[in-house]
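Chemist: Chain residues, written in single-letter form:
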Amino acid sequence: MNGHRMLAVARKTLRSLRHDRRTAGFLIFMPLFMIAIFGYTFGGDLRDVEVAILNLDTGGSDGSVADAIIAEISYGDTLKLSILSDGHTDPLSTAEGVVRDADAWAAVVFGQGFTAEVEEGIAAMKQGLPVSPCQVVVLLDGSNPNIAQAVVAEVTAAVQRVLVTEYGFNPPIAVHPEMIYGEGAEFIDFFAPGVMGLAAMMVTLMLSIISFVHERANGTLDRLLTTPVTEGEIVGGYALAFGLVALVQSTVILLAAVILFRVEIVGSPLLVLLTIFLLGIGSQGLGFILSSNAKNEFQAVQFMPLILFPSILLAGVFWPLEAVPELLRPVSSFIPLTYAVDACRSIMIRGWGLGEVWPQLLILAGLAVVLLTLSAYSLKKRR
Amino acid sequence: MTEDVVVTNALTKRFGELVAVSSLDLKISRGVVYGLIGPNGSGKTTAIKVMNGLLRATSGSARLLDEEVPVRGVIHRIGYMPQEMAIYTDLTVHENLELFAGMYSMSRGNFEGAEKDLLEMIDLAERRDSLVATLSGGMKHRVSLACALVHDPELVFLDEPTVGVDPELRKGFWDYFAELKSAGKTVVLTTHYMDEAVRCDIVGMMRLGEMIAEGTPESLMKAAGTTTLEDAFLANAKEGSV
Chain A
1 MNGHRMLAVA
11 RKTLRSLRHD
21 RRTAGFLIFM
31 PLFMIAIFGY
41 TFGGDLRDVE
51 VAILNLDTGG
61 SDGSVADAII
71 AEISYGDTLK
81 LSILSDGHTD
91 PLSTAEGVVR
101 DADAWAAVVF
111 GQGFTAEVEE
121 GIAAMKQGLP
131 VSPCQVVVLL
141 DGSNPNIAQA
151 VVAEVTAAVQ
161 RVLVTEYGFN
171 PPIAVHPEMI
181 YGEGAEFIDF
191 FAPGVMGLAA
201 MMVTLMLSII
211 SFVHERANGT
221 LDRLLTTPVT
231 EGEIVGGYAL
241 AFGLVALVQS
251 TVILLAAVIL
261 FRVEIVGSPL
271 LVLLTIFLLG
281 IGSQGLGFIL
291 SSNAKNEFQA
301 VQFMPLILFP
311 SILLAGVFWP
321 LEAVPELLRP
331 VSSFIPLTYA
341 VDACRSIMIR
351 GWGLGEVWPQ
361 LLILAGLAVV
371 LLTLSAYSLK
381 KRR
Chain B
384 MTEDVVVTNA
394 LTKRFGELVA
404 VSSLDLKISR
414 GVVYGLIGPN
424 GSGKTTAIKV
434 MNGLLRATSG
444 SARLLDEEVP
454 VRGVIHRIGY
464 MPQEMAIYTD
474 LTVHENLELF
484 AGMYSMSRGN
494 FEGAEKDLLE
504 MIDLAERRDS
514 LVATLSGGMK
524 HRVSLACALV
534 HDPELVFLDE
544 PTVGVDPELR
554 KGFWDYFAEL
564 KSAGKTVVLT
574 THYMDEAVRC
584 DIVGMMRLGE
594 MIAEGTPESL
604 MKAAGTTTLE
614 DAFLANAKEG
624 SV
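First to last, the protein sequences are chains A and B.
Here my numbering is used: position 210 in the first sequence is 210, and no number is missing along the way.
Here my numbering is used: position 67 in the second sequence is 450, and no number is missing along the way.
Next up, chain B with everything else stripped away, as it sits in the complex (with noise of 0.2 Å):
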């Protein structure tokens, strides 16, 4: 039997009249990739901030690797990068790496091994002393995503996390996603892009704050008569919204 490393029941999130996540019941199971998509407004980030304890439920439960949200316990087990870039722009690479390892109390030599690890998987190491002011979006962007990975967490929250990142490099992201599932990680991101949601293992299609289809990307389009994620999309929104 596999094991959930998050679950939701019913969570909800309103601010003040909007309801931006509406009753979400999730199972994620360990080592899988977890897909969010949907359209802006759809309550994606909201679902991962509350989950992440950065916003309370209105309402509902949610739980992460057995622990109640907030989690403590458990936390050092969790990575999350935010939509935002959220990183010191007047640090170094280097130095943002090693502020978050140290958020995680980690040893210099597993710090060590680990950043050279990312710098290559996010195609930084020449860059490593720069100052993150001075790099591009997308950099930028990979930096971010390599601060969420540093600790090795066993579950990681990715909020778009391949916005602005160039498709050469966005393969080599899922590429590494994949690496994390192989060694028993679980993965949820959400994205805009439905061509790489494919790739998830379990997509959860959300839309005004609901969950409206949830499955393998192959039985959301087949259940949905439709040759491409997008279009299993917009065929569940359309059935939602009648």
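Same shape as in the complex, but just chain A (with noise of 0.2 Å):
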């Protein structure tokens, strides 16, 4: 070992970064960025879950109790109530119907004689009779577990705190969950289509990227753009050839989802793949923006987590949208990735079909062509 090659090494790799004031600034902003948005998101809890409620619950003597456990529930912010009105020819349609439509992810229903089945079941047992629980019925959205286990526990724990504190006591009050959608999913039915849409975006942008630093560095590109071939033609053919590797590694994800993990695809598995390769070519199209403003393979890299670490923690890959912190939400609504991930989620556990996930793929649609038109913009404006 020569301490002075060493240092001279060293010395040479640093004065490197000096001339490259990009990578250096990076070097900072990086750790900066990463911590800001890991704080941020891990330090959210659930806010906001859309939740309808249906109180068709006519009270008794004292008062509805049905009252008190909705005003229970609305005291804490992690549900957002929205009332029904029970002035319907079929309310308990309309509730099922909010959910049905993802207006809602649940609906609590409290049915006409609640107070009254409260009050009777609690005279009952100070006499020692036998009771039945009544109920409170919760038309649940499953295709989120994690919200949907928060919906009944909520619920649940407003019931005890408004009967504990009315009447000293816990009576018999069953919140009885009733699966809309989702009805066994597990996890990893959540998970699946989450890693799809973020394991297809993240292989589409990085190809994306250093195919093209590769095709500037090489003079290809110069090249090709010497021959009839148009911009537009250059960008399209990429976004064909990446949004097709998007779709091999979709169905190999999806085969395997199914096969290892017994994940259940309610709808269309087609549907799937048209949304993951919109995703691909708009990633595409990301990648070679991102690849334009980058002098070689070292700086596009660079891109990469700056993209990546948002579309993972923001987009509702592995926490739904409502644990986002109120501040980083229109965040998560610039990210394609976001809305692959509802659409997917929504045709593989809810069973949706065009008919409904139209608007997301309207959106994965119109990015694409939009960041590929920029994309071509690009290449033109550099000659």
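It cannot be assumed that every hint is accurate.
Quick list of in silico lysine-lysine cross-link-like pairs, DSBU-like style, CA-CA up to 35 Å [stated by the list, open to error]:
#: 1; chain 1: B; residue 1: K499; chain 2: B; residue 2: K564
#: 2; chain 1: B; residue 1: K621; chain 2: B; residue 2: K499
#: 3; chain 1: B; residue 1: K621; chain 2: B; residue 2: K554
#: 4; chain 1: B; residue 1: K410; chain 2: A; residue 2: K380
#: 5; chain 1: A; residue 1: K380; chain 2: B; residue 2: K564
#: 6; chain 1: B; residue 1: K564; chain 2: B; residue 2: K605
It should be emphasised that the hints constitute simulated quantities derived from the structure, not laboratory data.
Work from the hints to combine the two standalone chains into their complex.
Modeler: Right, dumping it as structure tokens:
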């Protein structure tokens, strides 16, 4: 070991960094960015989970127990309540429809004689007679087990708090969940669509960034541009290739999820693949634009964590969007993966078709068109 | 009257303060081999890049095959081989040729014929299915040349086509350029090798972005009173710097 030579190598490495100011800046900025985004995201609890309330309870002599429970639920900020009118001809179907259309994650239904049943139960208990528990029905969208569990837990806790406060003991009230979607769904059913979207995005973005920097550095891009091929055709060709790569990858993940983990795909697998294809070509466009701002592969890969960390944490892959702190929620709306994961989950767990997921697909397609157009424009601009 | 396939008028390209090409006036007739010669930094490559639309001229204009640069309508009649390798090393020789043929929408039949002839010319028929990454530097250069010629262009720009090519094969290249010329095609090339520039019909000598002399190799040598093109260049360069 020669210390002088070792120092010379170290000096050379640090000097290279000094000449590459962007990399030097990245080395400072990246840890700050990571700690900020991890800190905010992990610090976040579930907030503002949309829940509909159908209160058919006519109340009793001392007012309505249902009203008290609803007031207790709305006291916290985990659930965001919307009260459904009981004036419909079939209010129960309305409540179910709200969940079925994903306007709310759950609908909490208090029956007409809820207070009366509670009071009867309490009276029976005081006399030592057997009582059958009265029910609070929670119609649940179980496509997101995190949220489903949180809703049931919140409602149960609110019921217990009210009854213990009001009556001094815990009368038999059962919170009864009824699954509208995701009957028997497990966490793997929730993760599989997210992981599939994340993997497709990561690979496409990485391939795209590296390939284009390579094309520029080797002069092949310039050379192609002296042939009749247009900028749009180059970008489109890449999008097609990487979109297909994303498709193959997603097929492998889907098959593995079904065969190894018994993930159930309620909707159309083809629609899932179409979603991933759109995400893949959008990611390719994003990768192209990022690579046009990099001089070499080293600078290009620096973009990866800038895109990937927000996507992993803020797009609803592992944690529900409702767990994203309010401050960062607008960021989620700008991440293409958010829409892809939402669409894939809706297709795979809720069994939704094109008629329901078209808004997400339209956004993904729109983003893909915008990003690819900007990519082609960035090629024209450099001439 | 011979047709001019390359015409530039006061073509100028600046990079900030640096004038890479200064007021270049060129007229290159159909069916000639035209050589731009000069030392590094004389503006040869920049001039060719501007003519091929890869760089935008700062001022002046250029026309190729009677169309203003950057050309679109006649682009399929033009071939370009850049100085750097600029081929896909992760593809085979055949796949590279097929890619560039695809850029020009060649039919399979035409491509197969062209590929066979070109692979013979560059002496790489046996390496058709080898990955370019596994070839030597000279071989890669030859593949790059073949990619520029695969669509049978009538006007070809070759930036240093014989660099890294051994003398025997270099002779083969020049014979091929002569063949192109006799088929009515125009070859515009740059070279450092003054000895081989003698084989051009017309030579343009560039220095510091300016054309310092132009003519047939014989006329240039005669005017400078020298027996080699290299000495003729040095004489012209000296005259220009006085």
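Chemist: Confirm or reject each hint.
Modeler: Comparing the hints with the structure gives:
1. With a C-alpha separation of about 20 Å, the suggested pair K499(B) and K564(B) falls inside the 35 Å cut-off, and the hint holds.
2. Straight-line distance between C-alpha atoms of K621(B) and K499(B) comes to about 47 Å, which puts the hinted pair past the 35 Å bound.
3. A threshold of 35 Å between alpha carbons decides the hint, and for K621(B) with K554(B) the separation of about 31 Å falls inside it, so the pair holds.
4. Simply put, K410(B) and K380(A) have alpha-carbon atoms about 28 Å apart, close enough for the 35 Å limit, and the pair holds.
5. The hinted pair formed by K380(A) and K564(B) meets the criterion: a straight-line CA distance of about 34 Å does not exceed 35 Å.
6. For the suggested pair K564(B) and K605(B), the alpha carbons sit about 25 Å apart, so the restraint of at most 35 Å is met.
The earlier numbered hint that this structure contradicts is number 2, and it is the only one.
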